[in-house]
Amino acid sequence: MSTLNPAAAADHAHDDHHGHHEPSFVRKYIFSTDHKMIGIQFLITTLFMLLVGGALALGVRWQLAWPWQNMPGFGQLFGGEGGQISPEFYTMLFTMHATVMIFLVIIPILAGAFGNFLIPLMIGADDMAFPTLNMLSYWFMWPAIFFFGLSFYFGGAAAGWTSYPLLSALPEAAPGSGHAQNMWLLAVTFVGVSSMMGSVNYMTTIINMRAPGMTLFRMPLTIWSMFITAILQAFALPVLTAAGFMMLFDRAELGGLLEGIHTSFFVPSGIIVNNAEPTVGGGQALLWQHLFWFYSHPAVYIMLLPAMGMVSDMLAAMCRKPIFGYKPMAYSLAAIAGLGFIVWGHHMFTSGMNPALGMTFMVSTIMIALPSAIKTFNWIGTIWGGKIRFNTVTLHCIAFVSQFVVGGLSGIFMAAVPVDIYIHDTYFIVAHFHYVLFGATLFGVFGAIQFWFPKMFGRMMSERLGKIHFFLTFVGFNGTFFPMHMLGVAGMPRRYADPYIHPYLEHLLPMNQFMTVCAIVMGLAQLILVYNWISSIFIGEKSGRNPWNANGVEWIAPSPPPHGNFEEVPTVYRGPYEYSSPLVEGRDYLMQTEYLPPPGSDDSEEAAEDDAGES
Amino acid sequence: MSRIFWCLFFTVWPIIAIVVCAISPAMDWAFPGNREAATPLGQRIDDLFYLILGIVTVAFIGTMVALAYVLWKGSKNEDEKGWFSHGSHNLEVIWTIVPAGVLLFIALYQIDVWAIYRVREHENRDTVNGPRPSHLVAEVTARQFEWRIRYPKPGTKFKTYKEIKAWLAKPHAGDVYAVNKLFVHLNRETLIYLKSGDVQHAFFVPDLRVKQDAMPGQSIDVWFTVNKSGKFNLTCAELCGWGHYKMRGEVEAVEDLEARLRELKALQDFDGVTPPGTAPAEASEEATP
Amino acid sequence: MTTRRLIIPLLASLPLVVGCADYQAEFVNDERVATLATTSPDAASNLKNSLDAHFGTPNALVAWGALPIDFGEIGGTVISANGNSLRVSLETEPPDGLSNVAVVVETETPQNRTAGSYNADTRTLTLLEQEAAPAIAPGTSLRLIGHKLQAGRRLYMQHCMHCHGVTGDGNGPTARYIRNHRFNPLPRDYRRGLFKFTSTKIGFYASRDDLRRTVTQGLAGTYMPSFLLLKTDELDAIVEFIRFLAMRGEVERRLLDHLQPLMPSDDGTPPSDLADLEKELAVDTFNQAFADAASLVAEKWVNAEDPDNRVIPTTPRPPDTGKSRIRGRSLFVDTKINCAKCHGEGGRGNGAVLKDRQKIPGTDDKYPTPGLRDDWHKMIQPRNLTSGIFRGGRRPLDVFRRVTAGIKATPMGGFETNLTESERWDIVNYVLSIPIDGAFIDEHGHQYHGGDRSHAHHDHDKPADKPADKPADKPKTTQPKSAKDKK
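Protein chains in written order, with this note's numbering: chain A, 1 to 615; chain B, 1 to 289; chain C, 1 to 487.
The reader is advised that the hints may include incorrect statements.
[Unchecked claim] Below, computed lysine to any residue pairings styled on SDA-like, alpha-carbon distance capped at 25 Å:
no. : chain 1 : residue 1 : chain 2 : residue 2
1   : B       : Lys-231   : C       : Leu-235
2   : B       : Lys-81    : A       : Leu-583
3   : A       : Lys-327   : B       : Leu-91
4   : B       : Lys-228   : C       : Ile-436
5   : B       : Lys-181   : C       : Lys-201
6   : C       : Lys-231   : A       : Trp-139
7   : B       : Lys-181   : A       : Val-26
8   : C       : Lys-201   : B       : Ser-2
9   : B       : Lys-228   : A       : Pro-582
10  : A       : Lys-327   : B       : Ser-2
11  : A       : Lys-327   : B       : Val-98
12  : A       : Lys-467   : B       : Trp-72
13  : B       : Lys-181   : A       : Asp-588
14  : A       : Lys-327   : B       : Phe-270
15  : A       : Lys-327   : B       : Gly-101
16  : B       : Lys-181   : C       : Asn-309
17  : C       : Lys-201   : C       : Asn-309
18  : B       : Lys-170   : A       : Asn-275
19  : B       : Lys-81    : A       : Gln-69
20  : B       : Lys-181   : C       : Leu-235
21  : B       : Lys-73    : A       : Asp-588
22  : B       : Lys-231   : C       : Glu-234
23  : A       : Lys-327   : B       : Ile-94
24  : A       : Lys-467   : B       : Lys-170
25  : B       : Lys-81    : A       : Asn-275
26  : B       : Lys-81    : A       : Pro-547
27  : B       : Lys-165   : A       : Leu-287
28  : B       : Lys-81    : A       : Pro-582
29  : B       : Lys-76    : A       : Pro-547
30  : A       : Lys-467   : B       : Ser-2
31  : B       : Lys-76    : A       : Trp-66
32  : C       : Lys-231   : A       : Thr-33
33  : B       : Lys-231   : C       : Lys-201
34  : A       : Lys-467   : B       : Val-98
35  : B       : Lys-231   : C       : Leu-229
It is worth saying that the hints were derived from the structure and are not from the lab.
My request is simple: use the sequences and hints to build the entire structure.
Rendered as structure tokens:
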């Protein structure tokens, strides 16, 4: 793999700096084309959405613990008659919880916030390949948020985040399937557009803009994971967007805008829902499931891989050790992504698709556990023999690994078709994906926030608050989600507003109450994070360029990096994980950009030059 | 100090997790009623579940012990630097091949049950096997938010799947209708056809380990043999609207199903005069024009 | 540290959020009460207070003896008393907690008390504190009233309220969405005492059995699902609570009729002699009117239970023969009762009447749009008889009752007077055959598709549907299948 000619790149960078002048407030903080500002915008937006999604989840938990009881304080707000949550409100709550968390939190916080912030910094570029496209990718989030908001206004989509037809395709089928569903579909389309712009940009940037010397196998794993995620997004997203439009055409209301279309991709004929006219069609509801999961299964990895990459970087830095098995780590990322495209059918084992397909999908799904296992072993190997710093970042990374183990292992149950027959759509699956998406991804993200905060704002986040937040979140998280495995095995289906009308689930009420208490603790703990984050921007300890003594290219830039990131174009001499290298004395890190003369040579001049460029 | 606390923290939580799992059968947090499945195939599914559970437990304990070990080691590391190692090719090979073998074993070991459960018989339809005479056939139509059930006229014996398809296509004289309560054979195979009257539902009987979605516009066959008498909860497992949780039904396995159906039929033919169960009027009025 | 300073107020504000006053469920009053309050606030509040006094609020129901409701009564005697805590021996063990249940203590002057709690193990009944209550001696007998109604209310809030509303006005949170669709029947508004599918004759209310049947079987083809698996006592409790809500609503409605003269006219002006009317209607005669309304309503509900007021055929259903079907078909299209006018020639529920605008009941005006409406002004469709869905039940008896007494509160009238019983049975036979054989039948009683009569060669006197447990006269059971069933 060739890289840019260092000399040429340096000239180019120099040219760029020529025309610089201080941008206006709007250009700098709002419609900024600076990847760092866009990343921070994404981060703020998604953290806010995290709180929104969490509040929705607490509504769900309340109903499960104290069904049909007035919610203290919010009873009137959450409107059924008599202060109860109404069942359709409950379906809206979990639908919008999942929607907000997936489309407005996890995907954009990984690719949007950290992808944007880290990619140019870590590969030593001055910005993204297409800065304006990058800005648009952020601002296309806002129509999505606007349409999700409209969806709330119309009562909230309530067909589950998977939006299976016919529930979602026929406006008569559910209270949330009217305009709220249209708005939901439009919003998802905009999220897709935003992600697509991002992923085009990331791919181009990573391929074309690497600093001199930054070969592919010198890239930090974060960049590898972002690169692979971008590819996944670029290939999977069009399918979802197409499916979304097909659904919109099927629904064909949109205020008469699409009146003439009224297709029936998903609607079979002769279905009478809610005493409306029988449907005329000939479509197939199963088609949506195929299309949806063709995107949404890879999307699961879009929601996980970047966190894996970032955790690899953080673990190596915090254990002062090279990552264990760099190439296997990179290859397994690619393997997960590749296999991720051929496993979507495992969401549909009970759906009535050709049962013979079940076997194929089972084998591919179970095999996807293999690269995940390799990664886990390598993380443990990375910690092995390290000199561990027990700070908040490390704790979050270890939590990531251990929770990912639980999520991964419970996935094997889901992948095995006969067992999945029983636990499909029970709380077991809810436990599984929360362990992966919250237990793994969000802990990784919390760690990453703490880790790269100094680079974003030039100050450190409070360690003490970070640890309190970590402790409460970890305990609350496990208290909430671990019992869900048991609920699932006990046969409690998900998405039930009141499971206890079924006699065999009655005895699970106390357990659900315990889980809700834990969930409330966990929810409140996030306020600590918010406070820590905001207050540290202003009163955190000043950090300097490289507070963690890490090796990555981003740490030679000033904190926060100015427009253009680096004073000079960095030259990369080695991989990012040369911690505890015996080549240097007196310190346990060796930065990627640091030139060491080959042993025995006396090329001290160049080495001195490079040292000056560092800090 | 804080290092020891966190090492303990990451050592203790997996222990708690395992303890919780271990006590859950005693706390009735396992399969419904702590019973084994009421179908032979369900029992095999349970066995597979426990097999995976065993493998997974070993893997979980292994990784957690390893993690705890490296954490304790790392927290006590007084060296100036960490261990400068980029990994070990041999280890990578080992921990690729061993899990791969285990995973492949799991995958292949499952296939047989799935084949019996859904595939083989399905493939043979209308070619080799006709329906067995002992089959009960019933049509279960899920709708918002109840299960509507239709049995063929008591005593009907279907000879071919074609006949069954014809019966499914439209209502027939003498059909027996019921709601929310499905009677099935005990110790004999039951064949039901799942339909949906409106949106997607799923027929889920936890005790039987049976789950199948009811797709709108499709009629999906499900078969199982119940080998324990009793009543089993029937629930909906696919979001079907605001009243999803309301779809409470029951499956009851009975010895003499046909007698039960005749009772239902007699109730259904009740005309307010002739007590149900006795001979309905038939010949008496034939004379009047 | 700065951080600590902020966490403490945060935690401290938590109980504030949690402790916010609970929203208490209330019975919603009829809209006309608000109208009444614009002219005569006193009369309106008088009405509300009286209703509350006699029926209570959702969380504190009143068991009013004047209503024919089984509130759930348990007799017992006091074994020993210690202040408000009594050891009692009850005739039957209560099914669940007895908190808030009324206790009538038969001391010299009977006391009305309220139970606080009951401990089944120690058989201790704790009464709520009441001022100046005389001590209760051992041996005093007592009656606990209302546990069933309370259980009914609890179950109602769990299973029924979402559609039917706290008050039973058919306006629960989910009803908003059901209403959006043109022909979807609304959740029943109990407050008029009208229930569509009953076993009673024209003009009578629904019996307990009818309500029970609707709850257990559901109304096929509507949003009323089946609650078949409720336990018997749960079912009874729900039915009693529904009757309670119906009676409350109707008493309220009748009182509003009584107070009608106080209402403002259409342009909002109060009646000229408001003060006099107010005194007369809302003060002098109000209590009497209340008692009258209650007794009238009570009588109706009592009458509904009377077996004499049920529709019960005297002759059994005649065999379902071709001839009977033909007679049914000819009555179906006959001008005398003219089923086809609404249900259509083909039984598809598309009769000619749907093109007409209907009169608004109680006025001379017509609805602005054509179509049939029920008494709640909701558009309804005549049943599509080919669909095989029978909302009121598919037993011959059910259909017979529909034909005899009609469907209450809808344009489907009863034909008890117009038709003989055997004619009605013929219609039943015909209607039950439509989903299977179609509405158009030839002279042999067989399905008729225009020119295709190839299959109409059966002996037309042979019963079309032989019940299986009755061996047929001919040895036909050995044959694979009658050609008829294959059609």
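The hints, checked one at a time:
1. Between Lys-231/B and Leu-235/C the CA atoms are separated by roughly 20 Å; this keeps the pair inside 25 Å, and the hint holds.
2. For the given pair, Lys-81/B sits about 12 Å from Leu-583/A by alpha-carbon distance, which is consistent with the 25 Å threshold.
3. Restraint check for Lys-327/A and Leu-91/B: the C-alpha separation of about 13 Å stays at or below 25 Å, so the hint holds.
4. Proposed proximity of Lys-228/B and Ile-436/C is contradicted: the alpha carbons are some 36 Å apart, above 25 Å.
5. A C-alpha spacing of about 31 Å is found between Lys-181/B and Lys-201/C, which places the hinted pair above 25 Å, so the restraint is violated.
6. A distance of roughly 57 Å separates the Cα atoms of Lys-231/C and Trp-139/A; the hinted pair therefore is violated under the 25 Å criterion.
7. Pair hint Lys-181/B plus Val-26/A does not hold up; C-alpha atoms about 66 Å apart against a cutoff of 25 Å.
8. For the suggested pair Lys-201/C and Ser-2/B, the alpha carbons sit about 82 Å apart, so the restraint of at most 25 Å is broken.
9. Taken as a hint, the Lys-228/B and Pro-582/A pair is broken in the structure, with Cα atoms around 69 Å apart against an allowance of 25 Å.
10. Restraint check for Lys-327/A and Ser-2/B: the C-alpha separation of about 34 Å exceeds 25 Å, so the hint is violated.
11. With a C-alpha separation of about 19 Å, the suggested pair Lys-327/A and Val-98/B falls inside the 25 Å cut-off, and the hint holds.
12. Pair hint Lys-467/A plus Trp-72/B holds up; C-alpha atoms about 19 Å apart against a cutoff of 25 Å.
13. Note on Lys-181/B and Asp-588/A: the hinted pairing is violated, with a Cα-Cα distance of about 71 Å set against a maximum of 25 Å.
14. As the CA atoms of Lys-327/A and Phe-270/B are separated by approximately 77 Å, the hinted pair breaks the 25 Å bound.
15. A distance of roughly 22 Å separates the Cα atoms of Lys-327/A and Gly-101/B; the hinted pair therefore holds under the 25 Å criterion.
16. Using a Cα cut-off of 25 Å, the hinted pair Lys-181/B and Asn-309/C is violated, with the two alpha carbons roughly 32 Å apart.
17. For the proposed pair Lys-201/C and Asn-309/C, the alpha carbon gap of about 6 Å is at most 25 Å, so the pair holds.
18. Straight-line distance between C-alpha atoms of Lys-170/B and Asn-275/A comes to about 20 Å, which keeps the hinted pair within the 25 Å bound.
19. A distance of roughly 58 Å separates the Cα atoms of Lys-81/B and Gln-69/A; the hinted pair therefore is violated under the 25 Å criterion.
20. Taking the CA atoms of Lys-181/B and Leu-235/C, the gap is near 17 Å; set against the 25 Å cutoff, the hint holds.
21. A C-alpha spacing of about 18 Å is found between Lys-73/B and Asp-588/A, which places the hinted pair at or below 25 Å, so the restraint holds.
22. With a C-alpha separation of about 19 Å, the suggested pair Lys-231/B and Glu-234/C falls inside the 25 Å cut-off, and the hint holds.
23. As the CA atoms of Lys-327/A and Ile-94/B are separated by approximately 15 Å, the hinted pair is consistent with the 25 Å bound.
24. Only pairs whose Cα atoms come within 25 Å are accepted, and Lys-467/A paired with Lys-170/B is rejected, the gap being roughly 66 Å.
25. This hinted pair does not check out: Lys-81/B and Asn-275/A have alpha carbons roughly 74 Å apart, beyond 25 Å.
26. Between the alpha carbons of Lys-81/B and Pro-547/A the distance comes to roughly 18 Å, so the proposed pair stays at or under 25 Å and holds.
27. Of the supplied pair hints, the one linking Lys-165/B and Leu-287/A holds, its CA atoms being roughly 24 Å apart against a limit of 25 Å.
28. With a C-alpha separation of about 9 Å, the suggested pairing of Lys-81/B with Pro-582/A holds against the 25 Å cut-off.
29. Restraint check for Lys-76/B and Pro-547/A: satisfied, since their Cα atoms lie roughly 23 Å apart, inside the 25 Å limit.
30. This hinted pair checks out: Lys-467/A and Ser-2/B have alpha carbons roughly 10 Å apart, not beyond 25 Å.
31. Straight-line distance between C-alpha atoms of Lys-76/B and Trp-66/A comes to about 47 Å, which puts the hinted pair past the 25 Å bound.
32. For the proposed pair Lys-231/C and Thr-33/A, the alpha carbon gap of about 66 Å is over 25 Å, so the pair is violated.
33. Taking the CA atoms of Lys-231/B and Lys-201/C, the gap is about 38 Å. The hint is violated against a cut of 25 Å.
34. Of the supplied pair hints, the one linking Lys-467/A and Val-98/B is violated, its CA atoms being roughly 37 Å apart against a limit of 25 Å.
35. The hinted pair formed by Lys-231/B and Leu-229/C meets the criterion: a straight-line CA distance of about 11 Å does not exceed 25 Å.
In summary, the structure is inconsistent with hints 4, 5, 6, 7, 8, 9, 10, 13, 14, 16, 19, 24, 25, 31, 32, 33, 34 from the numbered list given earlier, while agreeing with the others.
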